[in-house]
Amino acid sequence: MAEVREFALPDLGEGLTEATVVRWLVGVGEAIEIDQPVVEVETAKALVEVPCPYGGVVTAHQAQEGAEIPVGAPLVTVATGARADEAASGGLRGAEASGGAGAPEPTAPELEHVGGSGNVLVGYGTSPAARRRPRVSRPLPGTPAGPGTGRDAPTGPPPRVPEVNGSGAPAGHGVPTTGPGAPDGPARPAVGAGVPHADGTPVRRGPVAVISPLVRRLAREHGIDLATLDGTGPDGLILRADVERAVRQPQAATERGPGPSTAGAQADGDGARRIPLRGLRATAAERLTRSRREIPDASCWVDADATELLALKRRMNAPLTHSAPTRSVGSPGAAEGGRERKPVSLLALLARICTAALSRFPELNAFVDTDAREIVLLPQVHLGFAAQTDRGLVVPVVHEAHTLDAEQLTERTAQLTEAARAGTLTPGQLTGGTFTLNNYGVFGVDGSTPIVNHPEAAMLGVGRIVRKPWVVGDELAVRDVVQLSLTFDHRVCDGGTAGGFLRHVADCVEHPGELLRTL
3 MAEVREFALP DLGEGLTEAT VVRWLVGVGE AIEIDQPVVE VETAKALVEV PCPYGGVVTA
63 HQAQEGAEIP VGAPLVTVAT GARADEAASG GLRGAEASGG AGAPEPTAPE LEHVGGSGNV
123 LVGYGTSPAA RRRPRVSRPL PGTPAGPGTG RDAPTGPPPR VPEVNGSGAP AGHGVPTTGP
183 GAPDGPARPA VGAGVPHADG TPVRRGPVAV ISPLVRRLAR EHGIDLATLD GTGPDGLILR
243 ADVERAVRQP QAATERGPGP STAGAQADGD GARRIPLRGL RATAAERLTR SRREIPDASC
303 WVDADATELL ALKRRMNAPL THSAPTRSVG SPGAAEGGRE RKPVSLLALL ARICTAALSR
363 FPELNAFVDT DAREIVLLPQ VHLGFAAQTD RGLVVPVVHE AHTLDAEQLT ERTAQLTEAA
423 RAGTLTPGQL TGGTFTLNNY GVFGVDGSTP IVNHPEAAML GVGRIVRKPW VVGDELAVRD
483 VVQLSLTFDH RVCDGGTAGG FLRHVADCVE HPGELLRTL
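Taken in order, the sequence shown gives residues 3 to 521; the numbers are from this note's numbering.
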């Protein structure tokens, strides 16, 4: 007799609370092995293949492709074998499905029990304490909760999962716990509970269940009382989509006015197309909005003659010549330590210049701790760089960039760029940056005033390199000119520091030998 086990979307770490189902890797009725990837999901930071901890036959997909589901929501059910297999292996973990061999589905308490640890997988970045959390049962429709089920129903909201921001600190740190959705005394029953949803399923009465500080903050900003909302997540969990839907409802009611509305049909008839704001795009929108709201930024820029830097790059990447036996090891074109020199990219040279400049101006490798009212200067440089992909703009991070030379930076940025375009970057490769380099010159533009990547303190922008007339000494010459721009958090430094940093970068671009001063 097969046991039907339910596997829920696991906690993928880094404070991620939801994911979008991109593609099922196995079909219903297909046999799978333990820890075999069964679905590809898109989080706010990367594409992730999710393995199932059970082996057996897939009996149902609990989410369609394109659906956005929260952590802990049912993902797939698996029939894990027969009683003979259990006896041979010494017993399977979890309880048997009741109702005999002909029972199509286990009851709610059995689903809770056989689900085991499928709700959170070890290795996704969760802490041991989070992995030890008991699973909250989800009664099936028509199954009474409480003692009648053979297992007590939960009496409070599910435990909170802290979010993690780009600096590695909990995103919820310092977020007030008062306001809509904050627990204050006994949990209140949801207002309007018992009113059926649009699909006819009744709303379960119970406490206000909110797991994400982001949801509470969003409700506070729009004056939404979470007690009036019916959560669409597991156990009535209130999701961000529920709050956003409540925000849109008053506006829609105002636009409709009395009588039936045809605004949506007219919009569709006019050719308007709605694109869901989710995944990387939603994360970028949230981060950029937060940066504009919280960081008082300023910008400065300068033109620099990059002719010598480009000449240096050509010399570094020139073919090696081994025909001259008298060539010294240290001369250009020779093998270094018996190995071939690797090519060096312009992005790597600019990154090396950035790390040298940050060592002289550490105020720009920092962030503002608003809770403590302190500026935190960081000892390591974790350099982010903007990379355009089919899924949108991402910022991979080269950790410990100040310890790498130009060859190593070239190799590391190439690996991260390839992973970004393939959608295989891990959350750790997308977080923890302390300074960002944005080479928007690849788009054919001269200059820009980029938005600081929150919570960092600054971003260096590099425009396209163009041939322009340039005064060299007392003569006019045609040179390779690039525009450099620096957008910085005015709380961490004044214009003199920012200008000094940008001028040092420009000097290194014009005279690469300046780097020798800090090596």
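None of these hints come from the bench; they were simulated from the model.
Every value quoted in this text rests on a predicted model; they were computed, and no experiment measured them.
Be aware that a few hints might be false.
Label pairs and their computed distance ranges (CB to CB) [said to hold, decoys possible]:
1) Gln417 / Leu27: 20 to 28 Å
2) Glu67 / Pro364: 42 to 50 Å
3) Thr391 / Ala300: 57 to 65 Å
4) Asp496 / Arg292: 19 to 27 Å
5) Val473 / Ser361: 25 to 33 Å
6) Val447 / Asp37: 27 to 35 Å
7) Ala300 / Arg375: 18 to 26 Å
8) Arg469 / Arg247: 47 to 55 Å
9) Asp37 / Ile277: 29 to 37 Å
10) Glu516 / Gln64: 54 to 62 Å
11) His492 / Pro381: 22 to 30 Å
12) Pro364 / Asp407: 19 to 27 Å
13) Ser361 / Val447: 36 to 44 Å
14) Leu478 / Glu223: 50 to 58 Å
Each residue gets a CB set at the ideal place from its N, CA and C atoms; glycine is no exception.
Inset, instruction - Determine which of the earlier numbered hints do not hold for this structure and return their numbers in increasing order. - result: The structure conflicts with hints 3, 6, 13, although it agrees with all the remaining ones.
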